[in-house]
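Participant: Please arrange chain B on chain A, whose structure you already have, making use of the hints.
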Amino acid sequence: MSDNLSLRTPSQRIAWTSTIIVSTLVFVFLIAPILAIMPLSFSSGSYLTYPLPGFSLRWYDDFINSPRWMTALKNSMIIGVASTLLSMVLGTLAALGLAQWKSRFKPLVLAFVLSPVVVPGVITAVGLYFFFAPIGLTGSYLGLILAHTALATPFVVITVGATLQSFDTNLTRAAASLGASPLYAFRRVILPLILPGLASGALFAFATSFDEVVIVLFMVGPEQRTLPREMFAGIRENISPTITAAAVILTTVSVILLATMEGLRRRNERLKGGSA
Amino acid sequence: MTAVLTSADAPTEVPLKRRLKRAERARQVKALALVLPLLLFLLFTFAGPIAGMLWRAVDDREVRQILPQTIAVLADWDGKDLPDEKAYAALAGDILAARGSGTMAIAAKRLNYALNGFRTILTSTARNLKAVPEPGTAKETLGKINPAWRERATWTTIKDASGPLTGFYLLAALDLTRNIDGAIVAAPPDQAIYRNIFTRTFIISLSVTALCLILGFPVAYLLATLPPGRSNLLMIFVLLPFWTSLLVRTCAWIVLLQSKGVVNDSLHWLGIIDEPLRLIYNRFGVCVAMTHVLLPFMILPLYSSMKAISPAYMRAAASLGAPPVTAFLRIYLPQTLPGIGAGSLLVFILALGYYITPALVGGAADQMISYFIALYTTETANWGLASALGTVLLLVTLLLALLYGKLVQGQQVTGGMKN
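Protein chains in written order, with the numbering used here: chain A, 8 to 283; chain B, 24 to 442.
Extracted from the complex, chain A is given alone in its bound form (with noise of 0.2 Å):
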């Protein structure tokens, strides 16, 4: 409809082909490197440069075998998912409350909850090594899910608040003069309604502690590295085949978590158009 609008005079024409022109060169600078260095993880060569001289999988087998990958892949999903637990009780327990909370301080305590996203990693990872340092939590895992937590939780409490903002509260109270306990209704009632909002909460939490690198280059001893970690050491060492199909594995991670995501909001969506 706008579309049609927009070609209607010479001069819009032109300006929707440019538009059109520079959003295209722009969707290729944003994925076009992310998409160039996927083949070279298949390259038999040990350099990385095109063309290929030939197809192979020895530096998938390169990362399978070797006991550092393994291990920072091991530590990332065991710290991923350990502060992806601990940010939803949290962050859904605080925005349940916060739903119900009226106050004056509201917006203040909301700004303190959001409030780690926004502060620079390296501040938060100065802190934390100062902090955790005399309590013999650096070099932990213990440490480091705790401080991931901290960073995830508040988009658990964005993505679960903003779900609770839709839910009609008449529900908990239909539920509730049917005599169903605080428990059961939430239970029965509310948890179905907002686990859309929980499962996208999650796919964030974990998204962001299986991200972090700051923290991680701060607080942790060589048991614990990451695989953002590992990433960072071969990076700044020399970039080996190897990483690149580091990559393509964290990419694969992102691309799956991306799907799940795209598809509970078009779930939600469709519920929403089917209640409307």
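These aren't lab readings, by the way, just hints derived from the structure by calculation.
Beta carbons: idealized from backbone N, C-alpha and C, even for Gly.
The reader is advised that the hints may include incorrect statements.
Away from chain B, derived, C-beta distances all over 10 Å, residues of chain A [to be verified]: (1) THR56; (2) ASP69; (3) LYS81; (4) ILE85; (5) LEU105; (6) GLN107; (7) LYS109; (8) GLY146; (9) ALA169; (10) ARG194; (11) ARG243.
In silico lysine to aspartate or glutamate, DMTMM-like type, Cα no more than 25 Å apart, as pairs [stated by the list, open to error]: (12) B:LYS330 / A:GLU276; (13) B:LYS283 / A:GLU244; (14) A:LYS113 / B:GLU47; (15) B:LYS182 / B:ASP82; (16) B:LYS44 / A:GLU276; (17) B:LYS132 / B:ASP198; (18) B:LYS283 / A:GLU276; (19) B:LYS330 / A:GLU269; (20) B:LYS132 / B:GLU402; (21) B:LYS53 / A:ASP175; (22) A:LYS109 / B:GLU47.
Facilitator: Chain B in isolation, oriented as in the chain A frame:
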């Protein structure tokens, strides 16, 4: 029906009101109880650590602990002439005690920050001081071991570092220092590097914000104008990089831009260049990689503000005879301003704190303030200075975030009115 009920219940109306109030209060307490675990958690894992960092920016107890008698005597010293014999005797006693407990290095390090060469003064004195000087000879003995003890600056440095609080690090973070008479003056040129680094951080962040706006505006416009089916599909091009690991994207740019990288090879193969261009480990590489990472943060707010603009406005402008350019500049663009403001501020705030990307794709002259905070924390262990630089960065970030909050809040209000 309701009216009948209320009138029938009239005598119990007041208690009911009170009961409702009480129930509401109980609900509020319960709500707060649900938020409380997160607040306590963040107090321990976030607010506490940051408060600790702020504290370290002004904390100055090292010299006080290691040279306690000297500090006590110097408390009464006016700083105009050399201190008297008592101060020298106290210092000699402190130095011998510190040598015994091996803590001299800590004090030497702190004093060396304020006066270059202080470490040597202290270590040579500690090495050559055989025993407690005879009463009345401390001044002469110390002066003989190191003539620096005959200089006023040596003593004012100790007095300045007597703690327990200090503005020394915060002043240093702004390229300022106290001179021998205690007045705040510009730091000597070899130490005055931080204003430069802050300026550099601002310039890089501004360039990246401008690049994001220039590249993001047409994309957001396209996405907001296309029918939902097609724009949803194209949105994947924005969301995929958004979800891709920062390290992967940084690594990709290095592979693309290095001297034997994909871009240089292609240009060479096409015959456009003979020598590889220097595209990375410089400012260009930092700006390109950071723009790539931050572009989605610009496109998404722009897109949602453009999505809220009704096409009817543009149609109305056209029907009233406005040429397309005028309609765009006078009708469309002003309505995108809140989106432009929000996106730009967001990108700028995020860019200010960047560390990983410049560290990996920048040269020595492209490192931003976060790099130096990290350097002073982990490499040189100058924690006071690291904390002071962190304090300045935190203040700037929080001020901008406050502005952003106001802007987004205002936007939500107008957005609600439009719907």
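Participant: Confirm or reject each hint.
Facilitator: Right, here's what the structure says about each hint:
Not every CB of chain B lies more than 10 Å from the CB of A:THR56, the least distance being 6 Å, so the non-interface label is violated. For A:ASP69, the condition that its CB be more than 10 Å from all CB atoms of chain B holds, with the nearest at approximately 16 Å. The non-interface label for A:LYS81 is consistent with chain B: the shortest C-beta to C-beta separation is roughly 17 Å, beyond 10 Å. At the 10 Å boundary, the C-beta of A:ILE85 stays outside the reach of chain B, the nearest C-beta of that chain being 17 Å off.
Its beta-carbon lying about 6 Å from the closest one in chain B, A:LEU105 breaks the requirement of being farther than 10 Å from that chain. With a minimum CB-CB distance of about 4 Å to chain B, A:GLN107 fails to clear the 10 Å threshold, and the non-interface call is violated. Under the 10 Å C-beta cut-off, the non-interface status given to A:LYS109 relative to chain B is violated; the minimum distance is some 7 Å. A:GLY146, annotated as away from the interface, keeps every beta carbon of chain B farther than 10 Å; the closest lies near 13 Å.
Its beta-carbon lying about 12 Å from the closest one in chain B, A:ALA169 satisfies the requirement of being farther than 10 Å from that chain. Every C-beta of chain B lies more than 10 Å from that of A:ARG194, the closest at about 16 Å, which supports listing it as non-interface. Distance check for A:ARG243 against chain B: the nearest CB is about 7 Å away, which does not clear 10 Å, and the non-interface claim fails. For the suggested pair B:LYS330 and A:GLU276, the alpha carbons sit about 17 Å apart, so the restraint of at most 25 Å is met.
For the proposed pair B:LYS283 and A:GLU244, the alpha carbon gap of about 17 Å is at most 25 Å, so the pair holds. For the suggested pair A:LYS113 and B:GLU47, the alpha carbons sit about 16 Å apart, so the restraint of at most 25 Å is met. A distance of roughly 15 Å separates the Cα atoms of B:LYS182 and B:ASP82; the hinted pair therefore holds under the 25 Å criterion. Under the criterion of a C-alpha separation no larger than 25 Å, the hint pairing B:LYS44 with A:GLU276 is inconsistent with the structure, at around 38 Å.
With a C-alpha separation of about 20 Å, the suggested pair B:LYS132 and B:ASP198 falls inside the 25 Å cut-off, and the hint holds. Taking the CA atoms of B:LYS283 and A:GLU276, the gap is near 47 Å; set against the 25 Å cutoff, the hint is violated. Of the pairs offered as hints, the one joining B:LYS330 and A:GLU269 holds, with about 19 Å between alpha carbons and a cut-off of 25 Å not exceeded. For the suggested pair B:LYS132 and B:GLU402, the alpha carbons sit about 14 Å apart, so the restraint of at most 25 Å is met.
Only pairs whose Cα atoms come within 25 Å are accepted, and B:LYS53 paired with A:ASP175 is accepted, the gap being roughly 19 Å. With a C-alpha separation of about 10 Å, the suggested pairing of A:LYS109 with B:GLU47 holds against the 25 Å cut-off.
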